[in-house]
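S.K.: Below are the chains, spelled out letter by letter.
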Amino acid sequence: MQTMVYVWRNLRRNKLRSMLTILSFGFSLALMTVLHGYMAMQGVWRNEGEKHGRIVVMNNQGFSGLLPIAYVDRIRGTPGIEAAAPYAWFGGNYKEEQMPFAQFGTDPGSVFNVWDEYRIDPEQLAAWRSTRNGCVVDRRLAAKRKWKLGERIPLKGTYYPFNLDLVLCGVFDSPMNTDSLWFQWQYLDEGLKLMNAPGAGNAGTIFAKTARSTSIARISQTIDDRFASSENPTRTQSEAAFAQMFADMLGNIQTYIRNIGLAVGFSLTLVAANAMAMSMRERTTEIAVLKAIGFSRRRVLATVLGEACAITLLGGVLGISIGCMCLQALHEVNSQFFPFGIHEMLGPWLLYLLAVSAGIGVASGIVPAVRAAQLSVINGLRRVV
Amino acid sequence: MIPIKYNIRNLRVRWVTTLMTVVGTGLVVWATVLSFGLSDGLDHALRISGDDLDLIVLRKGSTDETSSNIDQKLAREVANLDGIARDNSGEPMCSAEFVTILTKPRRHDGGTTNLIVRGLQEGGRGLRPNFRIVRGRDVRPGLNEAITSERMAERFENLALGEKLEINKVNFEIVGYFEAAGSAAESEVWTDLRDVTSARRTPGALSSVNLRVRDEQSKLALLNRIRDDEQFKLDAVDEMQYFEKQMTASIAIQFVGFAIAGFLTLGAMFAAANTMYAAVASRGREIGALRAIGFSRRSVLSSFLFESVVLCLLGGVLGCLATLPFNGLSTGTANWATFSEITFAFRFGPIVLLRGVAMALTMGVLGGLFPALRAVRMPITSALRET
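One line per chain: the protein sequences are P and Z, in this order. Position one of the first sequence corresponds to residue 1 (the numbering used here), numbered consecutively onward. Position one of the second sequence corresponds to residue 1 (the numbering used here), numbered consecutively onward.
Derived from the structure by calculation, the hints contain no laboratory data. Please note: incorrect hints may appear among the correct ones.
As the list claims (entries may be wrong) - Dumping the calculated BS3-like pairs for lysine-lysine here, alpha-carbon to alpha-carbon at most 30 Å:
#: 1; chain 1: Z; residue 1: Lys169; chain 2: Z; residue 2: Lys73
#: 2; chain 1: P; residue 1: Lys95; chain 2: P; residue 2: Lys148
#: 3; chain 1: P; residue 1: Lys144; chain 2: Z; residue 2: Lys73
#: 4; chain 1: Z; residue 1: Lys219; chain 2: P; residue 2: Lys156
#: 5; chain 1: Z; residue 1: Lys233; chain 2: P; residue 2: Lys193
#: 6; chain 1: Z; residue 1: Lys169; chain 2: P; residue 2: Lys95
Between the sequences and the hints, there should be enough to build the whole structure, so can you do that?
M.R.: Next up, the structure:
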């Protein structure tokens with residue numbers, strides 16, 4: 001206890017230096033928090049994908065491959081599948097904006113069984129089902145765009161040579177912001193057929209909901225085996241693996257973040273060690289006095305290490321707070337790329353960062369601490385500073 | 001003016017502190033410059049991909065080759081238009097091409113990503129900057145052969161010389177590696193137009209026509225001719241603009257780079273201030289003596305500021321130098337415009353390095369300012385009396 005008091009007093013002795021070190025540590029750690037927060041976000045996303053037992057079927061050649069619409073019915077008939085819906089990405093431009101939100105062509109009859117955690121007013125759903133060019137959107141997207149029911153939403157096709165002229169029939173609630181618009185797959189398909197354009201009859205991808213009791217790996221295998229010898233073999237994976245595929249596209253972000261983190265961590269160790277060494281140099285005589293009046297080596301060691309750790313931990317708490325605020329700000333500014341607020345991402349990674357802070361404290365304090373502990377009392381007292 | 005030697009010697013006397021500060025600053029500059037090196041490399045790859053005299057003809061409404069499809073008959077008509085440049089043998093420099101993206105695994109468990117496979121005609125090679133085969137040979141039509149760049153071979157499974165890439169159950173053997181000045185073409189797999197369309201079971205399908213115009217004048221004429229023709233329903237885009245539009249990915253990386261620079265500059269600035277405060281505190285008597293023998297406040301201020309700047313610049317230069325081993329190292333990321341992988345090399349151009357040095361300079365000036373002010377504010381008499 002007394003050691004703690006002593007550490008605290010020492011910290012406050014050169015307030016300017018302690019503040020500068022804490023600030024220096026804090027800002028660098030804020031960066032680490034944001035970077036690790038990004039990775040944590042990917043993890044939350046994967047968990048979200050695992051929770052609902054959905055699988056995604058696509059052509060095994062990738063997104064540009066054909067997935068015949070007839071596959072939807074055949075997947076519906078697979079034992080262990082509760083619901084399935086086509087999910088075709090449209091990627092159109094809204095007015096002058098290029099692809100400002102996600103747009104998918106799907107089946108209004110089954111899509112809310114596949115995403116059964118989403119909520120929509122039954123009347124609005126019925127209205128969408130009976131309107132060929134109807135669409136429904138995420139409530140947050142509708143709010144952002146200030147769309148009212150009955151709003152006309154024209155989408156200009158870029159991938160497809162067909163423009164959609166949609167009418168807003170309803171809004172749905174989802175656990176996280178999907179930033180999506182859903183329209184009737186049939187509407188797009190009929191348009192393409194009329195124009196004799198390529199891409200007709202293509203479900204794009206198929207999302208399916210599995211029964212709780214079935215194994216996703218086994219059911220995916222069953223589906224892929226069934227289509228293996230057809231003209232269009234499939235690749236079926238869990239929703240989590242599907243999300244991972246998009247994360248993978250960016251490349252090796254993890255290694256990048258780890259390397260940046262290593263450089264920053266090493267730099268911080270030097271900064272903290274430097275500050276500690278400067279403090280200790282000024283206190284040589286004092287430590288000799290402490291030892292002369294009976295402080296044990298261990299206690300001297302603990303005092304110095306304690307001070308180093310206190311500084312880095314305070315800096316760590318500051319940095320993590322700044323970092324979390326930044327992550328929250330990013331979520332509020334762009335919820336498409338940062339779909340989670342900070343309260344949804346809290347997890348062990350924050351403790352990890354705190355542990356890193358403490359670790360840097362120990363690493364930076366160890367040399368000055370050992371030197372102080374081994375200081376010869378006579379030499380220390382003799383030295384005139 | 002206080003001689004510069006005074007500062008240099010001071011840095012040398014306190015060499016442990018100096019070294020720690022220099023390495024500390026160097027590391028943060030390194031991390032930042034590395035991030036900017038990524039976006040510079042990506043930018044460069046896209047910038048050199050476009051030629052001022054090249055046009056890409058797409059279906060009206062589509063924004064890139066991967067989402068475009070045009071009729072063969074129209075493509076032939078475009079090829080016969082006036083104003084297209086001719087190569088040495090008198091052939092028009094024009095190539096009808098088919099582009100498709102396949103989801104393929106990266107090597108070393110790097111996950112899967114999308115890969116561009118391009119089927120093109122002979123003339124397409126001359127339209128890419130400095131196209132040449134560097135190993136193996138070019139494809140022979142009709143034999144399901146393909147070529148790619150060495151970078152792609154290292155990055156993707158089944159793309160090394162002699163390996164076979166599966167496209168809809170048809171195996172394409174890799175028979176050679178090509179280079180195209182590090183442009184976006186080096187992120188693709190090339191094969192014969194007919195071979196790939198028949199493998200994809202879309203015989204006769206085309207995505208775009210790439211062509212070179214004779215001169216600026218015929219470029220304008222051709223652009224208008226293609227865009228305005230009601231029958232064509234085609235759009236011609238300037239190749240430079242086409243690739244410039246794809247730079248969104250590098251803008252995102254640049255944003256990350258600036259965020260890193262911002263946080264770390266602040267962090268390192270406080271650390272530099274710490275070092276300089278200690279330097280000022282331990283040299284009270286010296287400062288008093290300097291003032292006593294007649295050096296003005298201003299020269300003491302500039303002397304300490306200079307010392308701080310030297311300290312941080314040393315770190316900055318060290319950090320920039322430490323990125324050298326990464327220069328030219330190839331890497332890749334997603335090009336969201338084409339929804340596929342683009343490979344490129346780290347590049348540390350003058351602007352990137354200047355940013356690193358500017359970062360160090362900011363740290364040095366801002367971090368050294370307050371300690372230097374403290375140094376000059378000390379009254380001479382009490383400074384001289386300090387222990």
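S.K.: CA of Lys219(Z) to CA of Lys156(P), is that 30 Å or under?
M.R.: 28 Å, holds
S.K.: Are the Cα atoms of Lys169(Z) and Lys73(Z) separated by 30 Å or less?
M.R.: 29 Å, holds
S.K.: Between the alpha carbons of Lys95(P) and Lys148(P), is the straight-line distance 30 Å or under?
M.R.: The hint holds at about 17 Å.
S.K.: Going straight from one Cα to the other, do Lys233(Z) and Lys193(P) come out at no more than 30 Å?
M.R.: Distance ~18 Å between Lys233(Z) and Lys193(P) Cα, so the pair holds.
S.K.: With a cut-off of 30 Å on the C-alpha distance, tell me whether Lys169(Z) and Lys95(P) pass.
M.R.: Since the Cα atoms of Lys169(Z) and Lys95(P) sit roughly 41 Å apart, the hinted pair is violated (cutoff 30 Å).
S.K.: Below or equal to 30 Å on CA atoms is what counts here, so check Lys144(P) against Lys73(Z).
M.R.: Status violated; Cα separation ~45 Å.
Violated hints, listed in ascending order, are 3 and 6; each of the other numbered hints is respected by the structure.
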